[in-house]
Amino acid sequence: MESITPQLYTLLVFMVIGSVIAIETRNLLSAVISVSAVGFALSVAFLFLGAPDIAITQLVVEVLVLVILIRGTILIDNTAIEAHRDTLALVASLIFFGMLLGFGAMIFGSRGFPEFGEPLMRVSKVYVHTGLPATYAANIVTSVILDFRGYDTLGEATVLFTSILGALAILRRGGKVSGKEVATT
Amino acid sequence: MTVYFLCAVLLTMGLYCLVAKKNIVKKVIGVCIMDYAVNLYLIIIGYKKGGIAPIVEPGMSAETLEKFVDPLPQALVLTSIVIGLGVLALMVSMCIRLYERHGTFDMSQISKLRG
Amino acid sequence: MKGMTLIVRTVTDFVVGFIVVFGAYIVLYGHLTPGGGFAGGVIVACAFILLLLAHGGDVAYSKLPERVGHLLDSSGALAFLAIAWFGLIGGYFFMNVLGKGEPFHLFSSGSILAYNIAIAFKVGSSLFLVFAALATFRRRSFRAMIEDELL
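Residue numbers (our numbering), protein chains in the order written: chain U, 1 to 185; chain S, 1001 to 1115; chain W, 2001 to 2151.
Don't take each hint at face value.
[Claimed, not checked] List of simulated lysine to any residue pairs, SDA-like, C-alpha gap at most 25 Å:
| id | chain 1 | residue 1 | chain 2 | residue 2 |
| --- | --- | --- | --- | --- |
| 1 | W | K2063 | U | R122 |
| 2 | W | K2002 | S | K1022 |
| 3 | W | K2063 | U | L47 |
| 4 | S | K1067 | U | Y9 |
| 5 | U | K125 | S | I1096 |
| 6 | S | K1027 | U | A37 |
| 7 | S | K1067 | U | H129 |
| 8 | S | K1048 | U | F116 |
| 9 | S | K1027 | U | L100 |
| 10 | S | K1022 | U | A89 |
| 11 | S | K1067 | U | L100 |
| 12 | S | K1067 | U | A89 |
| 13 | U | K125 | S | L1113 |
| 14 | S | K1067 | U | R122 |
| 15 | S | K1048 | U | R122 |
| 16 | W | K2063 | W | A2024 |
| 17 | U | K125 | S | I1045 |
| 18 | S | K1022 | S | T1079 |
| 19 | W | K2063 | W | H2105 |
[To be verified] Far from chain W, some chain U residues (derived; all Cβ distances over 10 Å):
| id | residue |
| --- | --- |
| 20 | T5 |
| 21 | Y9 |
| 22 | F14 |
| 23 | V16 |
| 24 | F40 |
| 25 | V60 |
| 26 | V63 |
| 27 | R122 |
| 28 | K125 |
| 29 | N139 |
| 30 | T142 |
| 31 | I145 |
| 32 | L160 |
Derived from the structure by calculation, the hints contain no laboratory data.
Virtual Cβ for every residue (Gly too), placed ideally from N, Cα, C.
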């Protein structure tokens, strides 16, 4: 099978350009649509990287992200805020990027990190070879998240429950309105 | 190697958007971009050259099992994507409440102390 | 909130049943093909959100009222925990104790199928609830809140 690196590079460059547009444009609707374009390109990149499970999930979640962002923000206020130069933030981001590059050079230079395309797979060898005999599930990712590592899925269900509960609590409308008790959700 | 470099660029752009912009919705967009960068990095770590998706079909031999990509990062990213959606819903509901209370999306107006 | 035009409503009436069936397929076959509880739950939530956007809040709330939504959400999470406790009978927490059939069949791999269904209920109903709360949020303007002396 030929290497996928040209397609992966094309998608990554597309994502970087889309993010630049999303950050710099002054119209909020354009920014939201650019971010969603980045998300859809990410879903295609997941397909190239051999993760169809993740591609399906990213696609449907991206649709919901687009709808929530448009509903939550665009109908209220579409005006742009006047641009100003924030040099402290620019310098801080460049220092952060320099730190990332420094760490990367340290890690990649010392041969401690595997190359792109040769994963270490010390634990995953056990999962791949005993996935089907132990759990009778053909999809190995499902058997990992629901059988070998069920605790992590329990933590994820808890986090999702808490964040949705927080969003519902924020959007609740209660209290008094000019002397009358009003409690509507 | 350049793949990891582009992931780092994406992460830094998300961080810059979160810190430097005054509009609250732009900050939310920055958090979204950082989410994408981290999920992409995790999946790229697990990629195997010439690898196929980790789904077993009937009658698969043992050397086809060697060609699977790493399923462990995929398990982590699957839950991370859905959690990102929940956190985004929370952030957007906070944006709506802030707009209702202050009348603007501008962070410098919102964070002014009032007597 | 009000709905949309006649064309959108007609197309929604055709399509929304298929979306629910497709979401249920992705959930139930999650241990054989790509998918699983999370993706299928989000797809089922998308079907109900489509109903909300096309017909308005009243029709959507009559199909899935708020109390039922909260009930499904909590019982999905509790069912997930209950099946995990069930594994304690066999040996350890989260052990796969329900009957495992032959591989590559629908009713194989024991508790993984039950976990997928519980997760789908939980994710689907909570995402629909949060979007309905966002969409039908009755916004009072800044001016009205000042006049009501809430600020």
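A quick look at each hint next to the structure:
no., hint, verdict
1, W:K2063 / U:R122, "violated (49 Å)"
2, W:K2002 / S:K1022, "violated (33 Å)"
3, W:K2063 / U:L47, "violated (35 Å)"
4, S:K1067 / U:Y9, "holds (22 Å)"
5, U:K125 / S:I1096, "violated (47 Å)"
6, S:K1027 / U:A37, "holds (18 Å)"
7, S:K1067 / U:H129, "holds (12 Å)"
8, S:K1048 / U:F116, "holds (8 Å)"
9, S:K1027 / U:L100, "holds (21 Å)"
10, S:K1022 / U:A89, "holds (11 Å)"
11, S:K1067 / U:L100, "violated (31 Å)"
12, S:K1067 / U:A89, "violated (45 Å)"
13, U:K125 / S:L1113, "violated (57 Å)"
14, S:K1067 / U:R122, "holds (15 Å)"
15, S:K1048 / U:R122, "holds (14 Å)"
16, W:K2063 / W:A2024, "holds (18 Å)"
17, U:K125 / S:I1045, "holds (15 Å)"
18, S:K1022 / S:T1079, "violated (31 Å)"
19, W:K2063 / W:H2105, "violated (33 Å)"
20, T5, "holds (24 Å)"
21, Y9, "holds (25 Å)"
22, F14, "holds (24 Å)"
23, V16, "holds (27 Å)"
24, F40, "holds (15 Å)"
25, V60, "violated (5 Å)"
26, V63, "violated (7 Å)"
27, R122, "holds (22 Å)"
28, K125, "holds (20 Å)"
29, N139, "violated (5 Å)"
30, T142, "violated (5 Å)"
31, I145, "violated (8 Å)"
32, L160, "violated (7 Å)"
Violated hints, listed in ascending order, are 1, 2, 3, 5, 11, 12, 13, 18, 19, 25, 26, 29, 30, 31 and 32; each of the other numbered hints is respected by the structure.
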